[in-house]
Every structure is written in C-alpha cells, then in structure tokens.
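Take the sequences, apply the hints, and build the full model.
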Amino acid sequence: MKAKALVLPLALVAFAEFGARAAGPSDSIAPPSEVLAAFLEAVRDGSLVTATRDTLISAFGGLILGASLGLIFGLALGSLRTLDRLLELALELLRPIPSVAVIPIALVALGFGYRLEIAIVAVACFWPLLILSRAAVRGIEPRLIEVSRALRLSPLQEAIKIIAPAALPRIFLAFRLAAGISLVVAVTVEIAVNPQGLGYEAMVASQALRPALMLANIMWIGIVGYALNAALIVAQARLFGEAGRAEAGR
Amino acid sequence: MSALAWRGAGLVVVVALIALWGEIAALKLVSPVFLPTPARVWMALEHGFLHGSLGAKLAGTVSHMLGGWLAASIVGVALGALIGTSKTARDYIAPTLEFLRPLPASAIIPVAIAIFGLTPQMALGVIAFGSIWPALLAAIHGFAAIEPRLLEVERVLGLARWQGMVKIALPSATPDILAGLRLGLTVSLILAVVCEMIAGLDGLGQWVLLAARAYKSADIFAGVALLGGIGVVANGTLSALESRILRWRSTDLA
Numbered sequence: 009m010k011a012k013a014l015v016l017p018l019a020l021v022a023f024a025e026f027g028a029r030a031a032g033p034s035d036s037i038a039p040p041s042e043v044l045a046a047f048l049e050a051v052r053d054g055s056l057v058t059a060t061r062d063t064l065i066s067a068f069g070g071l072i073l074g075a076s077l078g079l080i081f082g083l084a085l086g087s088l089r090t091l092d093r094l095l096e097l098a099l100e101l102l103r104p105i106p107s108v109a110v111i112p113i114a115l116v117a118l119g120f121g122y123r124l125e126i127a128i129v130a131v132a133c134f135w136p137l138l139i140l141s142r143a144a145v146r147g148i149e150p151r152l153i154e155v156s157r158a159l160r161l162s163p164l165q166e167a168i169k170i171i172a173p174a175a176l177p178r179i180f181l182a183f184r185l186a187a188g189i190s191l192v193v194a195v196t197v198e199i200a201v202n203p204q205g206l207g208y209e210a211m212v213a214s215q216a217l218r219p220a221l222m223l224a225n226i227m228w229i230g231i232v233g234y235a236l237n238a239a240l241i242v243a244q245a246r247l248f249g250e251a252g253r254a255e256a257g258r
Numbered sequence: 330m331s332a333l334a335w336r337g338a339g340l341v342v343v344v345a346l347i348a349l350w351g352e353i354a355a356l357k358l359v360s361p362v363f364l365p366t367p368a369r370v371w372m373a374l375e376h377g378f379l380h381g382s383l384g385a386k387l388a389g390t391v392s393h394m395l396g397g398w399l400a401a402s403i404v405g406v407a408l409g410a411l412i413g414t415s416k417t418a419r420d421y422i423a424p425t426l427e428f429l430r431p432l433p434a435s436a437i438i439p440v441a442i443a444i445f446g447l448t449p450q451m452a453l454g455v456i457a458f459g460s461i462w463p464a465l466l467a468a469i470h471g472f473a474a475i476e477p478r479l480l481e482v483e484r485v486l487g488l489a490r491w492q493g494m495v496k497i498a499l500p501s502a503t504p505d506i507l508a509g510l511r512l513g514l515t516v517s518l519i520l521a522v523v524c525e526m527i528a529g530l531d532g533l534g535q536w537v538l539l540a541a542r543a544y545k546s547a548d549i550f551a552g553v554a555l556l557g558g559i560g561v562v563a564n565g566t567l568s569a570l571e572s573r574i575l576r577w578r579s580t581d582l583a
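Going line by line, the protein sequences match chains A and B.
Position one of the first sequence corresponds to residue 9 (this note's numbering), numbered consecutively onward.
Position one of the second sequence corresponds to residue 330 (this note's numbering), numbered consecutively onward.
Hints listed in this document are in silico derivations from the structure and should not be mistaken for laboratory results.
Remember, predicted model here, so these are calculated numbers, not experimental data.
Note that beta-carbon positions come from the ideal geometry of N, C-alpha and C, so glycine has one too.
Among the hints, erroneous ones may be present.
Sample of chain B residues lacking proximity to chain A, with all beta carbon distances greater than 12 Å (derived) [claimed, not checked]:
hint, residue
1, L395
2, P449
3, L538
Across the chosen pairs, the derived CB separations fall in these ranges [as the list claims (entries may be wrong)]:
hint, chain 1, residue 1, chain 2, residue 2, range
4, A, G32, B, I347, 55 to 63 Å
5, B, K416, A, L164, 51 to 59 Å
6, A, V51, B, R430, 22 to 30 Å
Reference listing, derived: stretches of chain B covered by chain A, where coverage requires no fewer than 3 residues with Cβ under 8 Å from a Cβ of chain A [stated by the list, open to error]:
hint, stretch
7, 333-342
8, 470-483
9, 514-528
10, 541-552
11, 559-567
As structure tokens, this is what we get:
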C-alpha cells in the first residue's frame, strides 16, 4: 500500500524533470531540481522565512478572530432556539457572499497590510465555526441534559460538566476545518491584492519569469498547509482521545 | 409558531437590520466613504443596471463560474468513476490526490498566468482546476463505496461493465457526486471573482475592485450584494435539483 502510493508522485517528478529538461528553458515551468535549488536559495536569503511569517500571522490572526466570533454566535444560536429562528433568514442571505468579495470593502476601510488580510480570513473562518458549533450544542444527547437536571446542576455547572465535554470534540473539528480555510484564504488574498506573504512571492516570481522560484513558493504553501492539518489531527486525537478520533474521520 | 410565521419574523429581523444599517450610515457613525446608506446602494444598483455595465458584469461572472464549474464537473465525475471503480487505480492514485487536496486552489493562479498570461483561458483553467477537486474526490468515494450486494446483482444480471456503471454504480454514487458538485460551485464562484480581480476580466470581481480604487462604496456594496445573490441562487438551484434527483431515496436509507 505504502509503496503503491509513492509510485505516482515519483513518476510525476521524474517526468517533470526529464520533460522540462527536454523542452529547454521556459518562462512558465521548471524541472524539480531547479525548483529545489530555488527553494534552498529563498530559505538562505531569508525571503521565504519572512513571507511564511507574514502569511501565518495573517492566517492565525484571522483564524482566532473569526473563529472566536463564530463560536460565540454558534453557541448562542445553538442554545437559544428563538434567537436562532429569528436570525436564520439574515444568516442565509449573508452566508453565500464569497469571502473574497469582501476584499474591496476591507481594502477601502483598512488599506493594504495585515489588517486587510486578517479581516478577510476572519470572515471566512466565522461561518464554519458558527454552523458546526451551533450543530454541536444542538446535537447533545438529551439524556445528558436530563442527567444534569436529575443531579440539580446549576446552569454554570451544566455548561462546564455536561455541555462543554459533549460539544468540544465537534467544535475542535470545526476549528481544524477553519484552520485549513484560514491558510487558503490568506494565500488567496495575497495573490489577489495584498502585497505580502507567500502568495505574493509566488505572484512576483511568476511575473518576473522565474518559474523555479514560483513553483518553490507554491510547493512550500502546500507543505505548510499539509503540516498544519497533520498537526491539528494529532492534537485532536491527543486532546479528545476516542471521541477526537471518531470525529477525525468525518 | 408555524414555520411560515418564523419565516415572517425572520424577514422582519432582516428589514430591521437593514434599517439599523441605514441609521448608522445616515448618522455617519461610520464614515460614508466606507459605509454607504442602503438607499445609495439601491441607487447604485439601479444606475448600474440601467446606465452602466452592471448587467454585463453579472453575466460575465456567472458565465466564468458556470463554464469552469461545468468543465470541472464533467471531467471530475468521469475521472472519479474510472478511479473509484478500480481498486488498482485507487491504490495508486488516491493517496496523491489526498495529498494535493489541501493545496489552496488559488495557488495555481501564478502558474496559470505564467502559462496563459492574463487571458480568459487562464481564468477558465484556474476555475476548472480549483473546482474539480470536490467533484473528483466525491465521485471517487461514491463509486468506491457501492453496496457489495448491488455489485452481486450486477454480476447476476450479467451486465457489461459500462452498463453496470450507468445502471448500478452511477445512481448509487449520485448523492456523493451532488454534494461534491455543490461544494465545487462555491469554489468556482470564489475563483471567478479572484481571477476577474487579477486579470481585469469583465465581471463583478473587476467591478468591485475598480469601485474600491475609486472609493465608490455604494458601487462596492452593490457588487457584493449581487455576488451574494449569485451564491443564493446557485445554491438554491442545486438544492432543488438534488431533492428532485434523489426523490427515490427513502429516508431510512439516508
């Protein structure tokens, strides 16, 4: 199984190497060996490190802001049925607006830089947390609530001892999804308008006709995303044990 | 209260929120440069459609989105069927696809620009490439997860491979495929907007960005409202299609 999984990527890399070499110098593609050289060069001169830092600051800043707001709204809507029904239509009308469509509004209000990117990422991360944490609260086994009634727990005790442990695994799953989205959106904003970070580096390399550097940046974006997701899956299993593993498969 | 009454109450809340927005904008609690009044946005919409090119921009975005999405859906489902029905293909290809999936679809934009330049072909390629993933992965999963008894039925009836695919595998995989297509449509709208912003293609993405450069906040909000409208209509259409196509599914199977 493991060996079979490696066949295709290795074949693709080999094909790219020989294909690109046979095609001669190009403005749009580069053989993997040159991509690796460009990657090492970008690490050495520090440009890749700076760009990674900028992208991650924006992604995490937006993630924390958007996810916390989404969580607060989701918990409120999940536990207060009336509020949920009243706001349902308004949220249904707002949710389909693509996060990138908010770029011009944020651009006028905030200008270029971290704040623009953080705002857009926050908008994108708000929705999954809102929807999944609302579902998590609503999906709590009713018998658990009955147990809490029978034990005469105060609302605070009920929230800490019953609701939080029952809902947290699903909320963490939502957070993991949002973390993936945060990186994707941060890179997208950088490619579209914001002159900083990994997405912008890739665009500049593309326009400077340096395909090796461009592909090195894109490859690195992929690796960062993969590592982030893998780390969060491990954290999920650690924090929530069996419950986390069960949710991880979803 | 009945569902309809709640709907009405929801509508009242929407109207109240818009009124609140109007009040905030009219009192200039937020600078009008950033926040236009609802009335100004409505005027911008009216003026844009009657005297400007807003209709053409709307059509442009919809056609970019649908063109890329259709291409991605057809190729994605066909490839997914081929990969999903073959255990060998799955073993070799699926891990690579899973590895590539978390890569941001927009990261392909610099590559596409290097190959195609700032052209409509670039946009089509990017949108199709980005929205193929949900369709492809859902189709692979759908075709791979066919109930074994259905495959036995296929064998007993002595169906040819393509007959089995069309009559047994495709209906069984349809719910997964439809879910993938829906996700793909969302992705295609996002990528259409981004491509229009970068390449200056005729569409709402270009409209809102130009409005931002000219600090015409009413025009920005008009464009954003239309983009939201596209999202609502696209999602609603696919949901309606989904419940129609999946009518045969009884609820206990779901």
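Against the structure, the hints come out as follows:
Listed as outside the interface, L395 of chain B is consistent with that label: its C-beta sits roughly 15 Å from the nearest C-beta of chain A, beyond the 12 Å cut-off. At roughly 17 Å from the closest C-beta of chain A, the C-beta of P449 of chain B stays outside 12 Å, upholding its exclusion from the interface. Interface exclusion of L538 of chain B from chain A breaks down, the closest Cβ pair being 6 Å apart, not more than 12 Å. At roughly 60 Å, the beta carbons of G32 of chain A and I347 of chain B sit within the given window of 55 to 63 Å.
For K416 of chain B and L164 of chain A, the hinted distance range of 51 to 59 Å is satisfied, since their beta carbons lie about 54 Å from each other. For V51 of chain A and R430 of chain B, the hinted distance range of 22 to 30 Å is satisfied, since their beta carbons lie about 26 Å from each other. With 6 residues carrying a beta carbon less than 8 Å from a beta carbon of chain A, the stretch 333-342 of chain B meets the three-residue requirement, and the given coverage holds. For the stretch 470-483 of chain B, the proposed coverage by chain A is not satisfied: 0 residues have a C-beta within less than 8 Å of a C-beta in that chain, short of the threshold of three.
With 7 residues having a Cβ less than 8 Å from any Cβ of chain A, the stretch 514-528 of chain B passes the three-residue criterion, so the hint holds. Residue count for the stretch 541-552 of chain B with a Cβ under 8 Å from a Cβ of chain A: 6. That meets the three needed, and the coverage hint holds. A stretch counts as covered by a chain when three or more of its residues have a beta carbon under 8 Å from one of that chain; for the stretch 559-567 of chain B and chain A the count is 5, and the coverage holds.
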